[in-house]
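K.L.:
Sequence:
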Amino acid sequence: MNKTQLFCAALTLSMTASVSQAETVKLSMSSWLPPTHPLVTDVFKPWIEDVKQATEGRIEIVMLPSPLGHPKTHFDLARDGQADITYSTHAFNPGRFKLTEMFELPFSGDSAEVTSVATWEVYSKYFAKAGEHEGVQLLSLFTNGPGQIHTSTKPIKEMTDFRGMKLRVAGGAAQDIVEVLGGVPLHKPVSSTFELMSNGVADGTLFPVESVSSFKLQDIATHTTLVPGGLFNTTLFLAMNKDRFDSLPAEDQKTLMDMSGAAFAKRAGQMFDAQDARVLNELKANGNDITVADPDFVAHIRTSTAPITTAWVEEAKNKGVDAEAALAEYQERVH
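Quick note: the sequence shown, position 272, residue 274 per the numbering used here, numbers continuous.
Derived by calculation from the structure, the hints in this document are not laboratory data. Where a beta carbon is used, it is the ideal one built from N, C-alpha and C, also for glycine. No false leads were mixed into what you were given.
Below are the PhoX-like pairs computed for lysine-lysine, each with C-alpha atoms no more than 25 Å apart in a straight line:
1. K244 to K54
2. K218 to K286
3. K54 to K256
4. K100 to K268
Simulated restraints, written as ranges between beta carbons of each label pair:
5. G184 to R335: 30 to 36 Å
6. A327 to E25: 42 to 48 Å
7. S194 to G137: 27 to 33 Å
8. V42 to N201: 24 to 30 Å
9. K47 to D221: 26 to 32 Å
10. E160 to K127: 37 to 43 Å
11. Q255 to T312: 38 to 44 Å
All chains, please: the whole structure from these sequences, using the hints.
P.N.:
Right under this line is the structure:
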């Protein structure tokens with residue numbers, strides 16, 4: 003091979019490497035949960051790897067070593083392009099995402115897998131056009147397992163036990179539920195729960211069961227009341243900056259959405275269901291007091307919280323969506 007041939011071969015190799023590099027798009031992801039949280043280890047990291055493999059390495063999602071802001075800022079971080087991808091809980095911004103509050107209402111079902119997939123699909127069908135997530139590409143919506151009651155000072159076994167109880171909530175429907183049941187909602191970050199309960203500022207918290215372990219409350223929240231169907235639920239979003247998404251080739255946009263959407267919701271829901279079951283067994287083994295709300299108690303909760311659902315329907319109608327049809331389809335799917 004002469005010098006010209008060697009030069010051409012080297013140039014071709016260099017150009018090939020440059021093209022290969024240009025085809026790899028790195029997307030930053032801000033994460034605020036502890037790196038050992040199951041949502042990170044069992045859901046986000048496998049999803050990141052699946053996206054990389056499905057796009058043959060053209061999309062590489064890089065989880066940042068520390069969050070770029072408070073959990074409640076993460077929607078805006080994605081919208082404004084400070085991070086390419088973020089996730090958070092809608093309830094951290096009370097009043098901002100009214101339509102997703104439907105999925106937080108009482109008695110939304112016992113399986114996070116079922117409610118997560120139903121949340122994504124019902125939202126996409128009825129609510130996406132309302133534009134509450136404007137500025138981002140919504141990659142997925144999903145839910146925790148059913149929200150339950152965890153207290154340190156006394157168990158909650160009947161309606162009168164709620165009176166005056168200071169209960170930490172993320173916001174959203176959970177805040178309204180505590181109020182109508184006679185408790186005092188404390189709208190505080192989830193990360194503050196241990197300190198609030200340790201210092202006696204809060205008597206308890208509303209959480210899915212798995213969060214008792216995730217936030218190390220096993221020996222503080224020693225009373226758990228399980229409401230069949232859930233006292234409330236919590237929705238989370240996975241979002242990407244819209245301009246960044248639109249800049250991807252159409253093929254990779256489709257692949258990313260195929261890996262996200264209902265598939266991601268299903269994966270997240272399965273994880274939450276497994277964690278709820280595991281932690282409930284741990285709490286029993288720890289000697290914690292576990293109470294299942296009896297039918298009379300459940301009936302009282304249902305009656306007391308019914309106006310919250312009615313109020314949501316009226317607010318949703320004002321946003322131009324078919325609230326009754328959405329609620330009916332969702333309830334049919336989760337029960």
